[in-house]
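So the protein sequences, as listed, match chains A and B. Quick note, the first sequence lines up with residues 1 to 417 if you use the numbering used here. Quick note, the second sequence lines up with residues 1 to 417 if you use the numbering used here.
There could be a bad hint or two in this list.
[As the list claims (entries may be wrong)] A short, non-exhaustive set of chain B residues, derived as facing chain A with CB atoms under 7 Å: (1) T10; (2) E20; (3) S26; (4) I32; (5) G193; (6) A209; (7) L211; (8) F298; (9) A359; (10) G362; (11) R381; (12) G382; (13) G387.
Hints are computed from structural coordinates only; laboratory data are not their basis. Treat the numbers as computed from the prediction; the structure is a model and nothing was measured. Glycine residues also receive a C-beta, built at the ideal position from the N, C-alpha and C atoms.
Protein chains: 2
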Amino acid sequence: MRAEIIGVGTELLLGQIANENARWMSEELAAIGVDVLHHTVVGDNEERIASAFTLARSRVDVVLSTGGLGPTQDDITRDGLARALGIAQERHPEIEEFLREKFANLGRLMPESNLVQAMVPVGCRFILPDRGTAPGLVWDGEGARMYCVAGVPAEMREMMTGTILPDLRSLSGDVVIASQVIRSTGIAEARVGELLQDLFESSENPTVAYLASSGEVKVRLTAKAADTEAAAALIAPVAALVVARLGDAVFSVENESLEEAVGRLLRSRGWSLSMAESLTGGTLAGRVTSVPGASEYFVGAAVTYTIEEKVRVLSVSEETLATQGVVSAEVAHEMAQGARALFGSDLALGLTGVAGPDAHGGQPPGQVWIGFEADGVSHQRGFRAPGDRAQVRAFAQQAALDLVRRHCEGLALPATW
Amino acid sequence: MRAEIIGVGTELLLGQIANENARWMSEELAAIGVDVLHHTVVGDNEERIASAFTLARSRVDVVLSTGGLGPTQDDITRDGLARALGIAQERHPEIEEFLREKFANLGRLMPESNLVQAMVPVGCRFILPDRGTAPGLVWDGEGARMYCVAGVPAEMREMMTGTILPDLRSLSGDVVIASQVIRSTGIAEARVGELLQDLFESSENPTVAYLASSGEVKVRLTAKAADTEAAAALIAPVAALVVARLGDAVFSVENESLEEAVGRLLRSRGWSLSMAESLTGGTLAGRVTSVPGASEYFVGAAVTYTIEEKVRVLSVSEETLATQGVVSAEVAHEMAQGARALFGSDLALGLTGVAGPDAHGGQPPGQVWIGFEADGVSHQRGFRAPGDRAQVRAFAQQAALDLVRRHCEGLALPATW
């Protein structure tokens with residue numbers, strides 16, 4: 001099955017955002033064995049949207065568009081679709097009712113202009129959204145099948161995951177593409193490449209691919225087979241080799257995020273966690289609590305951005321601050337102790353450092369110190385993180401979560417961070 | 001002058017990377033007044049590459065391709081171009097010499113396969129690179145002008161900046177495109193559309209466009225003129241109308257994020273901020289501290305995820321918790337009071353609610369309560385946020401930051417959130 005993805009939006013053509021929707025959709029389509037042959041981007045122009053639909057349906061089996069289904073005047077994907085199909089539009093009472101209820105539930109008055117979202121090209125089906133107010137449109141009349149979804153990433157993903165991918169999986173018949181993602185942290189991408197070079201060069205089914213981000217390397221194994229079991233059987237021996245070679249840098253063999261893996265480990269141990277954050281400014285707690293059910297193991301965090309609050313809230317000693325400086329192993333140690341005392345948790349972290357762009361506490365941007373405390377365990381890790389403010393904070397989060405993971409699994413500390 | 005950008009590379013169609021090259025090129029082209037009408041992506045397939053060139057040259061004045069000029073077997077953009085133009089290729093001695101020297105200078109032996117990069121479709125000019133080994137190609141024979149550059153971002157940017165953009169600037173005459181982005185919060189996208197409908201419908205230069213995300217609507221005005229000053233003069237009166245119509249929902253007329261705008265306001269007032277977070281779990285503090293220099297106004301945050309910690313760290317009363325429930329106006333109020341007392345800040349926020357997916361404290365997912373405290377000011381706002389866990393948290397952050405903004409600017413509270 002061959003597909004084309006049409007991105008609609010002048011903001012893409014002005015370079016204000018990259019076409020990340022097409023990237024995500026392509027990745028998901030590849031995973032179910034759909035070949036994406038083209039991406040196309042057009043602006044908010046009815047004639048060019050219509051031409052893009054017409055061209056796409058002439059050359060592939062499935063056309064997916066994203067964007068231009070909102071309630072404002074520049075949202076004209078449905079007009080472009082109707083024009084390409086040469087059909088009129090009609091207002092659909094079920095959508096109208098859905099929209100009125102959606103607004104009523106939020107305690108808000110619906111602007112009448114929102115009713116444009118209840119318009120549907122005659123002969124199209126629609127998909128009601130959970131998120132947002134833009135119904136998806138489906139054309140399964142003559143020619144290629146066409147799907148139109150919203151451009152807001154969360155809304156697009158909801159319809160892809162809930163409706164379109166299952167639809168296409170059932171239509172695409174006898175081939176499945178299955179992937180396993182093995183995630184590792186505290187290891188450089190080039191080192192992963194060295195350790196897996198022969199697997200990368202020799203393997204065709206499954207294929208081996210790498211994807212690196214701040215402090216993390218994913219290894220994706222993708223196999224094509226007649227069914228899921230057969231694909232899994234192709235992947236299993238290669239996955240076992242990858243895990244053996246990467247060793248304890250691997251934190252998940254089922255594509256969990258590091259915060260999910262840490263949550264799973266804490267829950268299984270029955271341990272609670274708290275933290276004191278300076279350079280990460282609450283983002284580490286934010287990441288831990290992004291996992292549903294985090295209240296089972298996460299107690300709390302103190303974000304102490306000033307020296308005074310480190311002393312007052314966390315009882316970091318003024319002498320330590322004066323002699324060691326605020327970005328130091330000892331302050332990280334005392335911050336972790338302070339968090340553990342304040343929140344009464346089994347484990348605690350303390351993070352201090354320099355997110356940048358400027359130096360701080362006599363230390364250069366990127367310098368990070370992390371303290372870890374548990375019963376009878378107290379250690380500190382320091383390292384210099386690369387990148388800008390956001391990347392330094394992401395590295396610090398990653399290293400801190402990895403300390404918790406290693407403690408829960410009884411693993412040694414990594415050689416470097 | 002109208003342009004199309006063709007991205008060549010199967011990695012784009014597999015979703016391994018986003019088309020960031022097209023985004024950057026589009027932004028640069030807009031800045032010199034070139035209208036980008038289409039982005040197209042095709043894989044490493046000679047026939048489809050040729051078709052993409054043929055279609056593009058039929059509908060625009062300038063075609064730019066990126067990717068597929070390397071030395072390996074899957075680099076076939078030059079073959080696709082030659083096929084589209086119906087011309088042969090010839091090896092160019094000047095490029096061959098350049099390649100041999102480039103390798104010699106690196107002290108490496110040039111693989112003979114590299115000589116494919118010395119092939120040029122007959123009648124094309126070439127651009128020798130500083131970075132890398134891939135010469136750019138230029139067709140300025142009949143029909144649209146066409147440029148092919150490498151897909152490695154630094155190599156692409158070098159040729160765009162050094163050769164192509166200056167070329168096009170001199171061809172397109174003296175036109176620039178300038179944009180202004182006005183950002184608003186606490187107002188629905190459809191309401192923005194209603195308020196600006198006549199501007200949207202009547203205006204051509206500047207054009208008006210909307211972009212909505214969780215709790216925020218951006219209005220982008222884009223003008224074309226002979227120079228930057230003239231473009232700004234076209235935008236100014238329309239921007240003034242937009243700001244007047246959207247009123248105090250506007251928090252920035254220069255594309256600041258809400259956390260940047262709040263930081264600017266706090267700094268100008270000399271006020272400090274702290275917060276107590278439950279449902280947002282540290283993400284609000286994380287957002288405030290994502291702005292460099294936040295230490296000038298941000299003191300700290302207490303992330304209290306359990307009822308016990310709300311009592312112990314923030315002194316929320318057990319009676320309030322028992323009678324009102326943990327997700328209530330009164331608990332938000334006491335959390336904000338607790339944060340203000342703990343951190344000694346001028347302003348303080350308290351956030352409690354249900355991020356979901358499950359109900360909590362007898363309240364449904366999406367229920368948010370925010371308390372705000374300052375000298376002589378104490379109020380609480382409750383609302384139901386739409387969407388999943390991440391969106392509910394984003395809405396809660398947005399509403400909380402907006403309370404701070406409104407207090408700093410002396411504005412009334414919004415009618416709804």
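Comparing the hints with the structure gives:
| no. | hint | in the structure |
| --- | --- | --- |
| 1 | T10 | violated, 9 Å |
| 2 | E20 | holds, 5 Å |
| 3 | S26 | holds, 3 Å |
| 4 | I32 | violated, 12 Å |
| 5 | G193 | holds, 4 Å |
| 6 | A209 | holds, 5 Å |
| 7 | L211 | holds, 6 Å |
| 8 | F298 | holds, 5 Å |
| 9 | A359 | violated, 12 Å |
| 10 | G362 | violated, 15 Å |
| 11 | R381 | violated, 12 Å |
| 12 | G382 | violated, 10 Å |
| 13 | G387 | holds, 5 Å |
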